[in-house]
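Visitor: One letter stands for each residue in the lines below.
Number of protein chains: 2
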Amino acid sequence: MPNPKPWLDIPHDSDFSIHNLPFGIFSATGKGKRVGVAIGEYVVDLADAASEGLFEELQFDFGVLSSEYLNDFISLGKQVTGKVRSIVQFALCDQSSVLSSIEGLLVEMTAVTMHMPVKVGDYTDFYSSLEHATNVGKMFRDPQNALLSNWKHLPVGYHGRASSIVVSGTEIRRPNGQIVPDGQNEPEFGPTQKLDFELEMAFVVGKETQAGTSVPVKEAEDHIFGLVLFNDWSARDIQKWEYQPLGPFLGKSFASSISPWVVPLEVLEPFRIKGPEQDPKPLEYLQTGGEKNFDINLEVAIQTKGDDKPSTISKTNFNRMYWNMAQQLAHHTSNGCNLNVGDMMASGTISGSDRDSLGCMLELTLNGAIPITLNNGQKRSWLEDDDTVILRGFAEKDGVRVGFGECVGRVLKALE
Amino acid sequence: MPNPKPWLDIPHDSDFSIHNLPFGIFSATGKGKRVGVAIGEYVVDLADAASEGLFEELQFDFGVLSSEYLNDFISLGKQVTGKVRSIVQFALCDQSSVLSSIEGLLVEMTAVTMHMPVKVGDYTDFYSSLEHATNVGKMFRDPQNALLSNWKHLPVGYHGRASSIVVSGTEIRRPNGQIVPDGQNEPEFGPTQKLDFELEMAFVVGKETQAGTSVPVKEAEDHIFGLVLFNDWSARDIQKWEYQPLGPFLGKSFASSISPWVVPLEVLEPFRIKGPEQDPKPLEYLQTGGEKNFDINLEVAIQTKGDDKPSTISKTNFNRMYWNMAQQLAHHTSNGCNLNVGDMMASGTISGSDRDSLGCMLELTLNGAIPITLNNGQKRSWLEDDDTVILRGFAEKDGVRVGFGECVGRVLKALE
Numbered sequence: 001m002p003n004p005k006p007w008l009d010i011p012h013d014s015d016f017s018i019h020n021l022p023f024g025i026f027s028a029t030g031k032g033k034r035v036g037v038a039i040g041e042y043v044v045d046l047a048d049a050a051s052e053g054l055f056e057e058l059q060f061d062f063g064v065l066s067s068e069y070l071n072d073f074i075s076l077g078k079q080v081t082g083k084v085r086s087i088v089q090f091a092l093c094d095q096s097s098v099l100s101s102i103e104g105l106l107v108e109m110t111a112v113t114m115h116m117p118v119k120v121g122d123y124t125d126f127y128s129s130l131e132h133a134t135n136v137g138k139m140f141r142d143p144q145n146a147l148l149s150n151w152k153h154l155p156v157g158y159h160g161r162a163s164s165i166v167v168s169g170t171e172i173r174r175p176n177g178q179i180v181p182d183g184q185n186e187p188e189f190g191p192t193q194k195l196d197f198e199l200e201m202a203f204v205v206g207k208e209t210q211a212g213t214s215v216p217v218k219e220a221e222d223h224i225f226g227l228v229l230f231n232d233w234s235a236r237d238i239q240k241w242e243y244q245p246l247g248p249f250l251g252k253s254f255a256s257s258i259s260p261w262v263v264p265l266e267v268l269e270p271f272r273i274k275g276p277e278q279d280p281k282p283l284e285y286l287q288t289g290g291e292k293n294f295d296i297n298l299e300v301a302i303q304t305k306g307d308d309k310p311s312t313i314s315k316t317n318f319n320r321m322y323w324n325m326a327q328q329l330a331h332h333t334s335n336g337c338n339l340n341v342g343d344m345m346a347s348g349t350i351s352g353s354d355r356d357s358l359g360c361m362l363e364l365t366l367n368g369a370i371p372i373t374l375n376n377g378q379k380r381s382w383l384e385d386d387d388t389v390i391l392r393g394f395a396e397k398d399g400v401r402v403g404f405g406e407c408v409g410r411v412l413k414a415l416e
Numbered sequence: 001m002p003n004p005k006p007w008l009d010i011p012h013d014s015d016f017s018i019h020n021l022p023f024g025i026f027s028a029t030g031k032g033k034r035v036g037v038a039i040g041e042y043v044v045d046l047a048d049a050a051s052e053g054l055f056e057e058l059q060f061d062f063g064v065l066s067s068e069y070l071n072d073f074i075s076l077g078k079q080v081t082g083k084v085r086s087i088v089q090f091a092l093c094d095q096s097s098v099l100s101s102i103e104g105l106l107v108e109m110t111a112v113t114m115h116m117p118v119k120v121g122d123y124t125d126f127y128s129s130l131e132h133a134t135n136v137g138k139m140f141r142d143p144q145n146a147l148l149s150n151w152k153h154l155p156v157g158y159h160g161r162a163s164s165i166v167v168s169g170t171e172i173r174r175p176n177g178q179i180v181p182d183g184q185n186e187p188e189f190g191p192t193q194k195l196d197f198e199l200e201m202a203f204v205v206g207k208e209t210q211a212g213t214s215v216p217v218k219e220a221e222d223h224i225f226g227l228v229l230f231n232d233w234s235a236r237d238i239q240k241w242e243y244q245p246l247g248p249f250l251g252k253s254f255a256s257s258i259s260p261w262v263v264p265l266e267v268l269e270p271f272r273i274k275g276p277e278q279d280p281k282p283l284e285y286l287q288t289g290g291e292k293n294f295d296i297n298l299e300v301a302i303q304t305k306g307d308d309k310p311s312t313i314s315k316t317n318f319n320r321m322y323w324n325m326a327q328q329l330a331h332h333t334s335n336g337c338n339l340n341v342g343d344m345m346a347s348g349t350i351s352g353s354d355r356d357s358l359g360c361m362l363e364l365t366l367n368g369a370i371p372i373t374l375n376n377g378q379k380r381s382w383l384e385d386d387d388t389v390i391l392r393g394f395a396e397k398d399g400v401r402v403g404f405g406e407c408v409g410r411v412l413k414a415l416e
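Line order of the protein sequences matches chains R and Z.
Residue 279 in the numbering used here sits at position 279 of the first sequence, and the numbers go up by one each step.
Residue 346 in the numbering used here sits at position 346 of the second sequence, and the numbers go up by one each step.
Keep in mind that the hints were calculated from the coordinates and are not lab data.
Please note that a few of the clues may not be correct.
[Claimed, not checked] PhoX-like mimics (lysine-lysine), calculated; alpha carbons at most 20 Å apart, straight line:
(1) R:119 - R:33
(2) Z:240 - R:152
(3) Z:152 - R:240
(4) R:78 - R:240
(5) R:119 - Z:119
Modelling step: build the complete structure from the supplied sequences, incorporating the hints.
Guide: Following this line, the structure appears as structure tokens:
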């Protein structure tokens, strides 16, 4: 619909405008886990809407709308999921539709519980922000040669832990681990003293591939269902001691948080933008033309215990990513590695080039050396117990706004 | 049973003696995927045996025996799975049992197809052989300081790709990837020239844990269901270029092969042995007393195209692992990372200290410099197309032999 006008009130600044309509898994009183679509301050119950005939023109097993995860729904393919979105959009603009006439198909967002949207089979974390990789390389390796020689030739990435990806709102237990205190050589075991967040975006794989086959970069976006906000919680002291030579492990695997609403890639079409020029030119299997980046405003806020307002500590944008998602997915399958629906690939920390556009505390505080000051005057070198980290993201252009809502997590004190 | 005597003929050197009885998932004509137990040259069909009342004294949903994976069966707990094994063992020694009297409950092994025994949620690969880590460190880093400073303080490990773990017999497509040819600085894209195997063992997690909790090392073995052979196929040239700073990725993720029969930990009790002394003493959360290693003979053979006999190229033993499985699992959960039933943790390449006890081509050929010679006179610096790699493993003591069967994979030529 070129200019859809919904019949229900949607706040002007809502992330969940009539142009968005992301998918998620919710439950509510009398409603077990099921597929929902966010609209303004409501959730459309797709399972019950299907029972009322909303999707009668489509041929698919409506049972997938009562699943615990979106995986089976996503597996129907973009043709089907796209039509479902169109039908919901049309019905939200047609006062005579079942969504308006039948009670209970719209549930107030305040009355629902959101769950993990997908069952993540495998999770991969990339490292695709030039600014972040440069900043980290300067701190941990050589300030003169911050980027390793492979970085501009391929989207560096590694496998992460899928089991500990949790939905926004889940509390995060401060991890224990082996840490070498400053000035010592031997490790001790105890709570991390350098708890960090990482501002990332992640995409959900929407189409499976077979082992031994590769996805050409020009077709890669067909395999991307949609995006979420992603907080790759990190324990920098654990990570520093353990990560050589095989990469991050327990410094990351205690938890990652995602926003509950998966915004389909098609929603983000108006916000396409060219990425940074890649020099040297990548090898042919990674060459993408046109606008493969997305202009999405991102921000991080911290809310301390007892404070009623979060402090924004960083603002940046997804449009700066050096390696785009199509390149990440094509690279991932270039060796024949098979993908499954629901696999998740995260961008890596997204940093800008300014002091206030950095995507983690490690960069914001220069590894803890220069604390940041919150609005309430409190200082933070690293995250403290009871701190809540809030990621937000939205795109806006020509009066159209679509957003991701929030990805929130509060830090609990470590277990003894 | 102290001295079980089966009524069916079991070859003297069978891996699947009456003392073993490992679990797997098989299918056969007229039988969809289901749980089986290996005995000699037969497979016991547990689903049909349950229908005939074999397990009537046990209270569990026999539907799990018709599952596509062992996960639900394993989730019943060792008390139940152990009793199932005991009942099968007893019935195999009791000529009047349904296994003897009713047709079709034993299927010839040559008539079944074996499948992935478990659905692997997350897969972790450790790096726990001192000899392997030392050899690799000498080749890739500093011969004088082969081991990094963390290696003797914690079981180094990293997350691997779960989706590409395949069952023995699955053919392995030679991967393409970015490679920097010797003497050049810029990468090219093409088939790996350094295809390798890695001889490993892996254990299957049998008990889930909650996020934010840790498993004490003394309880860790309760969470280990059983073991398989594991071939961590590796493309050394792809790995070398990509792995800094975040670890191995596409050099490994194209495939890993496992043996189809999961040998429960309880089967291996007679083969317990003390591991090497750990110096420095690990931190308290990693301290294990007693016999936490297992004396399992391992070997690798290569069979070339047209050759009717494989050449054994390495023999080693699982008893040498510096870090034991209890330590690996305790370390993995020490940060609160949650485990699920079916998660897989592999040992890392298992190498001995002799030239003919090394667990990968990288070590056997000194990174390709000194080819090995097969029985048929052919030389190999790395694996070639149509080579078949065969891993075998068995334990033997006081006339009792239990084995893992084979983990086999044949190399297919790369796709263009």
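Visitor: For each hint, tell me whether it holds in the structure or not.
Guide: Here's how the hints hold up against the structure:
Distance check on the hinted pair: residue 119 of chain R and residue 33 of chain R sit about 13 Å apart at the alpha-carbon level, within 20 Å; holds. With a CA separation close to 16 Å, the supplied pair residue 240 of chain Z and residue 152 of chain R stays within the 20 Å bound. With a C-alpha separation of about 16 Å, the suggested pair residue 152 of chain Z and residue 240 of chain R falls inside the 20 Å cut-off, and the hint holds. At most 20 Å may separate the alpha-carbon atoms for a hinted pair to count; residue 78 of chain R and residue 240 of chain R exceed this at roughly 41 Å.
A hinted pair counts as satisfied when its Cα atoms are at most 20 Å apart, and residue 119 of chain R with residue 119 of chain Z qualifies at roughly 13 Å.
The structure does not agree with numbered hint 4 stated previously, though it agrees with all others.
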